[in-house]
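Let the sequences and hints guide you as you build the complete structure.
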Amino acid sequence: MSLTTDDVKKVASLARLAMTDAEIQAAHAQMSSIFGLIEEMQAVNTDGIEPMAHAQDLAQRLREDVVSETSQRELFQSVAPQVERGLYLVPQVIE
Amino acid sequence: MQWEIVIGLEIHAQLSTKTKIFSGASTAFGAEPNTQADAVSIALPGVLPVLNKGAVERAIKFGLATGAHIAPRSVFARKNYFYPDLPKGYQISQMDLPVVGKGELTIHVPAVGKEQPYEKVVRLTRAHLEEDAGKSLHEDFHGMTGIDLNRAGTPLLEIVSEPDMRSAAEAIAYAKSLHTLVRWIGICDGNMQEGSFRCDVNVSVRRPGGELGTRREIKNLNSFKFMQQAIDYEVQWQIDTLENGGKIQQATVLFNPDTGETRSMRSKEEAHDYRYFPDPDLLPLEIGKEWIEQLRATMPELPRSKQLRYVNELGLSAYDAATLTASREMADFFEATLQAVPKDAKACANWIMGEVSAQLNRDNLEMPQCPITPQQLGGMLSRIVDGTISNSGAKEVFRTMWSEGGAADEIIEAKGLKQVSDAGALEAMVDEIIAANADKVAEYRSGKDKLFGFFVGLAMKASKGKANPAQMNEILKKKLAG
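Chains as they are written, first to last, in the numbering used here: chain A, 1 to 95; chain B, 1 to 482.
It is possible that part of the hints are untrue.
With a straight-line Cα cutoff of 27 Å, these simulated DSS-like cross-link-like pairs (lysine-lysine) come out [unchecked claim]:
no., chain 1, residue 1, chain 2, residue 2
1, B, 114, B, 79
2, B, 343, A, 9
3, A, 10, B, 102
Computed far set for chain A versus chain B, every beta-carbon distance over 10 Å [claimed, not checked]:
no., residue
4, 32
5, 35
6, 47
7, 59
8, 66
9, 86
Pair by pair, the computed Cβ-Cβ distance ranges are [what the hints assert, rightly or not]:
no., chain 1, residue 1, chain 2, residue 2, range
10, B, 261, A, 33, 46 to 56 Å
11, B, 305, A, 17, 54 to 64 Å
12, A, 13, B, 358, 55 to 65 Å
Read the hints as simulated data drawn from the structure, not as lab findings.
C-beta atoms are modelled at their ideal positions from N, C-alpha and C, and glycine is treated no differently.
Here it is as structure tokens:
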């Protein structure tokens, strides 16, 4: 599968990355080589092998449903650019 | 031209855990902004999610209640999108391997107009665990948006149905059944105003038996009334569009309760590409048979099982059975009342669905706040059954119980409501009436049957309303016949 520069632009836009044409060209070359590697790996016969969801063959540990956290709002908000009445303020979002 | 409506629902039930799905921050509703937004909820670098056992338990209970397959192994995935109330830039959800697989729910569709009520089985596609996002407040921050992340990370169970509903009535019956069920098994408080139970409705129309039409998704309906209005409007809009030669574009729409209209919110070119992939921060969730069996043993009798029992063993109608199982509190009240009068399920049902429900409505109360106990009501019903009081006397006992409390026997005694069933006393009253109204008796005997009511009135007056009505009628008939 060959990657086009339009694909790179789409991925950049979904990731909210502003990229110059030169950066897109560079990323295109790098990503294409990654796809090359994937293609090589796809040549390996994996018939009958169940896909793994995680690199480690372990199960998720669970936490009891007990409150362990207290409010650290002042600490967390001390590094926020702008807060008001306990809220984090961000540039207006219009749906 | 005929159109068939096709509806499927996605319902987000907020799970009633004390803490968030991936951290130990509280989920209590109504806290000051961001005081329950811990390091995980606001996605500080370096934090890791740790799955809440209580959330998984609730998902398993839902699977058990809908006869669904519970996955021995399920996987969490990242759903990527950018929005300020989603601080990680992705929502942790489940994609390919959800915790709960295919199940089903039997719904009761009530009578609408001339249509008879009926039952229907709706297939459930899946139910998966995910985290909620925070809240954005758009007003009042001088051009900025305020973000409250208290809700971020609250556990949700997203319950997806097959497109099995064929009318707004069916969609609402399904949503109501599910709403009853999640509260019944104690996994969600069902508070729709607080957003604990949110419905997305997928609507399309097609020619009967034809290919499925293009659907539009009505997002975030938080009342059954709005659901009805939104579906009615959307269906009419789609039919009008198609009949005028237009095409339906797949879209997400919002319902505006002020105008009663649905309006498209995202256009197709901005359609999201969520780029799901397994979350490397979370290992697969494994659920063993033993855990499932432990939870199965804690499950209450389900509404469906009670309904079948009420119909088959108590002889109630399907409608009565469905009404009495609208909530667990109602069913418990009914069963406790029935203990006093085990052979009179119908009377018991009528009083609870009638007087009790009406009075709760008038006083704006829910069943748990009902001022009379099942024992009080049962005590009163047994006095109707054994003939001590008439139905009208019972209404007075009921009113007194409701406002002042007390046992039926005390109230009957204090108010002198005991009806006269002594045949001798009743006959003497009737004899007097006949003697004092010789002319009317003659008219009656010559064929003016309608006068019977006149005599009943006199007899009730003579007994101060306390005569056993059935017995009095019988004596009157006998004596008037001459």
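Structure-based check of all given hints:
no.	hint	in the structure
1	114/B with 79/B	violated, 46 Å
2	343/B with 9/A	violated, 75 Å
3	10/A with 102/B	violated, 35 Å
4	32	holds, 19 Å
5	35	holds, 16 Å
6	47	holds, 20 Å
7	59	violated, 4 Å
8	66	violated, 7 Å
9	86	violated, 4 Å
10	261/B with 33/A: 46 to 56 Å	holds, 52 Å
11	305/B with 17/A: 54 to 64 Å	holds, 55 Å
12	13/A with 358/B: 55 to 65 Å	holds, 59 Å
In summary, the numbered hints that this structure violates are 1, 2, 3, 7, 8, 9.
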